[in-house]
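Participant: Listed below are the residues making up each chain.
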Amino acid sequence: MPERTQSLTAGKLSADDLAAALAPRSSSPTGKSLSVTGLRKSYGGTTVVDGVDMEIAAGEFVTFLGSSGSGKTTTLMMLAGFTEPDSGSIAVDGHDITRLNPGKRDFGFVFQQYLLFPHMTVAENVAFPLQLRGVDKAEIRRRVGETLEAAGLSKFAGRKPRELSGGQQQRVALCRVLVYRPPIVLMDEPLGALDKKLRDQMQTEIKSIQRELGLTVVYVTHDQEEALVLSDRIAIMKDGSIEQFDTPRGLFERPRTPFVADFLGAANFLTGKVEDGRGDDCTRVRLDTGGVLTARAHACVPGQSVRAAVRPGKLRLVSAEEGCCTGTVETAVYVGSLTRITVRLDGAAPGTPPLRIETALAPPRPGERVCVTADQDDVSVFDATDGG
Amino acid sequence: MAGTALAPAKVRVKTSEKRGHRSRIALVNAVPVTVFLLVLFVYPIIGVLSLSLEGDSGGFTLHWYADALSGVNLSVLLSTLRISAETALLSLLVGFVLAHAIARMRPVFAALAMLIVVVPHFISALVRTYGWIIMLGEHGILNTLATSLHAPGAPYSLLYNETGVVIGTTSVMLPYTVLVLQGVMRGVDGRLLAAAAGFGASRFTIFRRIYLPLVAPGIGTAGLLSFILCLGYYITPALMGGGKQTVVAALIDQQVMQQDQWNGAAAFGVILLLLTFAGLGVLGLAKLRRKKTAARRSSS
Amino acid sequence: MMELPPTRAGRIGRALSATAILLFLAMPIVIILVTSFGADGIGTFPPKEYSTRWYEQMAAPDGNWATSIALSSLIAALTTVFSLILGVTAATALARGRLPLHAAVYGLVLAPMLIPQVVVALGLFLFFEPVGMLGSPLAIALGHTVLAAPIAILIMISTLKGIDERLEDAAASMGASRMTIARRITFPLATPGLIAAAVFSFITSFDEFFIAQFMSTPDTRTLPVLVFNALQFDVDPTVTAVSAVLIALAILALALVALVRKLGGHRNQQGGVLPVERLT
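Keeping their order, the protein sequence lines are chains Z, F and D. Using this note's numbering, the letters of the first sequence correspond one by one to residues 1 to 388. Using this note's numbering, the letters of the second sequence correspond one by one to residues 1001 to 1300. Using this note's numbering, the letters of the third sequence correspond one by one to residues 2001 to 2280.
No wet-lab data here; the hints were simulated from the structure. It is possible that some hints are incorrect.
Below, in silico cross-link-like pairs of lysine-lysine (DSS-like), each with a Cα-Cα straight-line distance of 25 Å or less [as the list claims (entries may be wrong)]:
(1) Lys197(Z) / Lys155(Z)
(2) Lys2048(D) / Lys1291(F)
(3) Lys1292(F) / Lys160(Z)
(4) Lys155(Z) / Lys1291(F)
(5) Lys160(Z) / Lys1291(F)
A quick note: this is a predicted structure, and the numbers were derived from the prediction, not measured.
Full structure from sequences and hints, please.
Facilitator: Okay, here's the thing in structure tokens:
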């Protein structure tokens, strides 16, 4: 336990110092842009990555978010050059690097398992990339010293990696990458092996270093919260392709597929048909349970079967309003600042889950009759045949 | 209440009783092997030691050792050390190449390769040596092949000289080196090598700076082990070395069987023993050091 | 997933070097097996004519070879019995109990595998000579047990460690006596290990040369002693047939052990036979 507190305090003063130590000196280590086109990879007939396209701007923090098997790590490994794509291309600032060896790309990598060299001391580990780049000895000593100093790791310089705690090891791994100022840093679940508290703190460190140095970071995680905290944009991966690539707010408020709506936060799905008879106006959805929801504008055909998604916090309880859906409260659980309610709509098919609603207003009691509706901006509509 | 308070105490009595009972059983069972080895292994070796320090007419003397460490005898001792070192190096080299290849083979081929490495270990060394004699002789298959291919310098003299001895002993030590090296190679995390490549290291740099240091303990162990085992090795040098290439073990055999010179043989035996102990000591120290760093890391 | 991809040159290089080394290792054994059926008796390879005359000579009822094969078999059988007794007891002490001085006893057990055999042989000669037991099969078997017992012990230790002790506890909890547990639980589970220990003890003795050489008399010469003399002094082509038989014996023995272990569901094929694992 004293170990933990020590590393925590060591971390607190480090983030800004580390960035300062590495900050633009002669050649400013700003990030480069990365563009990916039609990246594909399959292993023995199983397609793992199926056509990934994305443009990442210089200095942007981009995260691949997905469950295991979604192809996020394979995509990162192809960016890194450890896995060769079957087709597609990768370019840095417009230069194609698809077939380049990992070492020639001048990227930085931070791995989940740290992958510090066990036979080298902390200082030797950090010096390793500089030695490979032919930096002279005095300069190496200076830069390694500065970097470790800034990361609060100076006193561990002579220790072997295994003598350090997990957080310290990950900080060394970070130093080992940042010390040679790569314009693009790839990180594969770098905080996956750390406990929650340490993870939160390291997230802050990573974010502030990235921002100050203007690094381009491509990050892989399955932790939604981590992705939301760190990223400028998030690519949600499913079955080897990107479901949606957008800012956290965009993903949350304008999910483009039911999967995204359900994956980030929770969503209630309501089935219905687009109301016809009003020309091009596709915004009104008549629900199968009765009632009408007005949705954001979307491409559709009148009469089409659709699914409408609404987040639990966006459903409103009203006394009576035109088109609201009536139902009965099943449960109401107070969880601090708000109350979680489940409502079974009248006419809901047996087996469908009840609506989940979060409200900060005075909650109804179980068994009470209520009417539910949502604002136009909070309702997303998807074709009923879309998976998710 | 009284019952629950008593229960843990009762359990503790039971386990400590069990423990005491177990160490008694262990002691009883350890007796036969301990007595056997003390009588037929340790005591005879002490006998060798005392014989090596005993003069022709009784009394203490060191002159058998002086004999053993001078003149022809010394050169035999030195050539034994040289042959052992050469064997250790060659079996390390061959073993490394083989173990490295096996580590990257598909499981079926790896199993087959291990079979070819390990099975000969269980075949009489005499028989294997005989096989080498047939194979390496002037008209053996190797020279026939080399001559028919018009290899420069063929036929080679591979038998009844040091080359022959080292080839033979190396094949005897190879199972040990391959097994030891395979053990450490399997323990190397391939991702570390990939990570080094990611930092821009060349294949050669990765091999020299990452792979080699990681397998170094195994290389040390395998080398020392084959050196030690080679020191007292007799059959192959005696049969493949011809008359002139004598090693210490052959000298001992000769002194006992032909010259009835037991004291000198005993002195040589003790020298071999000390060399072996020295080698084992180095192995033990290296192991201890690794354990110590492991302990330090787990305590920190 | 993240591995250094093998280069083509590396793959080819590894395959070639491994094949060459393995061929080199297997060749002497193959050569002996083939030449033993050669008619000319001077080890021409491959033989121009094939015959089984060396095998017939080896098996001739009152020839040297048949006598020494019988002697070696007797000694090996005695050695097997001795080292099984020591193996079972010592392994029980080392693998199961909480033995005081565990490290010392363990070191003592390993020592004969690492100490030069010539020293052991010399010591045994000095031990048995004064009591007039040179040439006695019993004495030679006792000497061989010094080398064979450590192997048997290591095999039995790994066997006993592979048996879940809780099974024995479970039997005890049902009221089984210690004898019953040993007979009904431990012994059946340890059978593959016992067979392996027996086979390796037998081979160790059957192939042992140095101790037998020092303790032999002109009347009692074991098979390896005879083979050694045949190779060093008189060129008797029968020795190829004998060698081939020894090879076949070793392979059969290993196959038997592998089969028994497979039936017993054991996974580690060579575990505990070479002392290397203990040293790394």
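Participant: Each hint needs a verdict: does it hold in this structure or not?
Facilitator: Comparing the hints with the structure gives:
{"no.": "1", "hint": "Lys197(Z) / Lys155(Z)", "verdict": "holds (23 Å)"}
{"no.": "2", "hint": "Lys2048(D) / Lys1291(F)", "verdict": "violated (59 Å)"}
{"no.": "3", "hint": "Lys1292(F) / Lys160(Z)", "verdict": "holds (13 Å)"}
{"no.": "4", "hint": "Lys155(Z) / Lys1291(F)", "verdict": "holds (23 Å)"}
{"no.": "5", "hint": "Lys160(Z) / Lys1291(F)", "verdict": "holds (14 Å)"}
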